[in-house]
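Protein chains in written order, with the working numbering: chain F, 5 to 442; chain X, 5 to 442.
Quick caveat, the hints were computed from the structure, so don't treat them as lab data. Virtual Cβ for every residue (Gly too), placed ideally from N, Cα, C. The reader is advised that the hints may include incorrect statements.
Stated by the list, open to error - Quick look at which bits of chain X chain F covers, simulated, 3 or more residues with Cβ under 8 Å:
1) 134-144
2) 421-431
3) 434-440
Stated by the list, open to error - Here are a few chain X residues that face chain F, going by a calculated C-beta distance under 10 Å:
4) L26
5) T239
6) I246
7) A266
8) L271
9) A393
Number of protein chains: 2
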Amino acid sequence: MTDLQAETTPRNHADALSADQLTAAVHAITDRARLASRELGRATRAHKDRVLLAIAEALVARRDVVLAANRTDVERGRASGTSDYLLDRLRLDAPRIDRLAEALAQLAALPDPVGTAVRAETLPNGLRLRQVRVPLGVVAAIYEARPNVTVDIAGLALKSGNAVILRGGSAAAATNAALVGIIRDTLGDHGLPDDAVLTIDEFGREGARVLMEARGRIDVLIPRGGRDLIQSVVTTARVPVIETGEGNVHILLDESADEEMAIDILLNAKTQRPSVCNTVETLLVHSRSRAAAGVLAALLRAGVVLHVDDRSRALLPEGADAPTATEDDWGREYMQLDLAVRTVDTVDEALQHIRRWSTGHSEAIITNNLASSEEFVAGVDSAAVLVNASTRFVDGGELGLGAEVGISTQKMHARGPMGLAELTTTKWIVQGEGQIRR
Amino acid sequence: MTDLQAETTPRNHADALSADQLTAAVHAITDRARLASRELGRATRAHKDRVLLAIAEALVARRDVVLAANRTDVERGRASGTSDYLLDRLRLDAPRIDRLAEALAQLAALPDPVGTAVRAETLPNGLRLRQVRVPLGVVAAIYEARPNVTVDIAGLALKSGNAVILRGGSAAAATNAALVGIIRDTLGDHGLPDDAVLTIDEFGREGARVLMEARGRIDVLIPRGGRDLIQSVVTTARVPVIETGEGNVHILLDESADEEMAIDILLNAKTQRPSVCNTVETLLVHSRSRAAAGVLAALLRAGVVLHVDDRSRALLPEGADAPTATEDDWGREYMQLDLAVRTVDTVDEALQHIRRWSTGHSEAIITNNLASSEEFVAGVDSAAVLVNASTRFVDGGELGLGAEVGISTQKMHARGPMGLAELTTTKWIVQGEGQIRR
């Protein structure tokens, strides 16, 4: 098994257990989650929403407990040489806790997908047929040391009627334990099973492995984090996984692109929030684009490091400092102010580059040519394709889904921004009065 | 790897290749399928339907070629001691070929899911948003020696715009080669890529293993066949699989069930077509049901062998011959005129039995009690749950889906009867005129 996440607390519960005991202990957790999921799956929307609001209140009321636990994690991280960037993701403060509580309140205000009929009809033989959304059952999440994900995933699971088993990064163990404790107390106090939210953090990396192999015990596993985490989960797991968030996103600056529009879109797509998955990582420049030089100059002025191929270098302002792109650049998700730039001669050449290097997240074209636009939209095989708009719009909130579970880059079950409905499956209900098949 | 299917032709192309060569050869097939899928994915419905009808005509016109190949397979099977039951599934005759052609014509008459918008709206910022169905891309199917599946899956894949890679049972190798040849010829003659339908039969069992591990090359793998085949695929595959068809189906005869209705439903669910997945395999009898003795007597008269627990034995007519059920019987999918029978005291006890033994396909209750009906519908976690209707209705054709790809017993992507739409994924298309995110 590859390194799932840096274990800054190598000694944990798992060390004292044999492999069989560890498996039994993790399976006991999945059994508890399964039992809880049956009760939670039948809870009314009103009941679930009351509990979400109560958790939001409890987080604020018990903020000091969370912050004290978080200080332990941050200090331990700092002592072991964790980078400032990772420490910042790990750190909670009062305003961040308020925002987590606010997000739970917003979740409570969203419609409940459970019970929605996706099909309902009466067949010619009188059978009443309904296909209704039901919770998946037991959802698991494996993520990095970001305590906000603990609250986020627990809230989404509760709202959609699923029990959830969490495996956060060990670097956030104390914070996650405090958060899970508050959530479980609140569930119990408000008549929902506390086992609807469980953690296997105490079982360490080996426990995560058992979870990933627990076929039939976990209905879906959602990895949340960087490429290494996701690839490690995808290749290890024997349970159904929804792959999310890897975004090697391309924008094609077509021959006919308007320069002003192109500058607006590129600056937005690259610089507004470089560390997220819908940010652009490669700009493909049509060799006859008249907007290209202006766009590249604007990016340089904005502090973007351009990794250029030989033909694109000719478009740069004189004396501009830009590294030469290698094959490695085409495959990189920089997630910072870097952008690979390649010149192509046709839309088809751009499509070939995208097919070779894309992670299937989002790609955009900036063009004023209808045929180019249609060729691009038809030829891109990614979750989202955009024409004359920033790739930053590929986000559940922006596209009107309310809460976002993640951006699926796979084709099965969910593709692109995932809302609460993607945490459900369906059940066919057929009611008759003695009908038999002829 | 477990035994995927009896290889009656142990010598095949794969024997001459090293492991690396075999992997390269199978990957070359997936590459050809991928290329073909891009072209097929853009074909219009009219074009695909013309080709489906042309394949139907070609099958009838070239019937003699198919029947000659089939005779080879059947004679080889008989010589190697294949059972009459398997020989019957392998055998084609003129009427069977006519029915395959007829099924293709019916498929041509169905709507095309590709291009259907599942969401379409204009956002407040003016972005036009559409989420449209697109083909998955490359579908693979692994199935047993039933040549009709070759035509069936190829037709479904074509109609939904997917390229398909087939791996049929080696016992049907000659017939499948003849059928695939006719289909590929017709594709080429009518302006669609012949590589939209490919087979890896020549690469034997090891080739199937390479296919199942070809992550990123196969968008979905559909196993079609009995439990052993499906379980073997599910546990071996590293590509996305849709699990279909395993049906350990239960009917609960509730306290208040009407005897006449119960007899009709049980006879239909058990005897109409015992070898299919929606046939009932276990009858749970409420201990206070007054209909139980009559129902069991009717099943015995119809030639059904009842495997009874001790309490149910007391309900049998005097002198009736019935084996005693063991734990083994609760887990069996007999697929013949056998039925396990167990007495329970409550609906909840029935639900516990179902949770323990069901494959998640279909369960039914026969009742006149509204509370029992609701408890059962809410408590069953299977793809389909029926009230006072035969489980034989759980079928794509009966429930109005037109063509049926299979009955999914998993929760992800598709659950229950699958139609053409379940062979698609979606693509988000966002069109603007320079919008950026604020």
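The hints, checked one at a time:
no., hint, in the structure
1, 134-144, "holds (count 4)"
2, 421-431, "holds (count 4)"
3, 434-440, "holds (count 7)"
4, L26, "violated (22 Å)"
5, T239, "holds (8 Å)"
6, I246, "holds (8 Å)"
7, A266, "holds (9 Å)"
8, L271, "holds (8 Å)"
9, A393, "holds (3 Å)"
The structure is inconsistent with hint 4 alone, although it conforms to all the rest.
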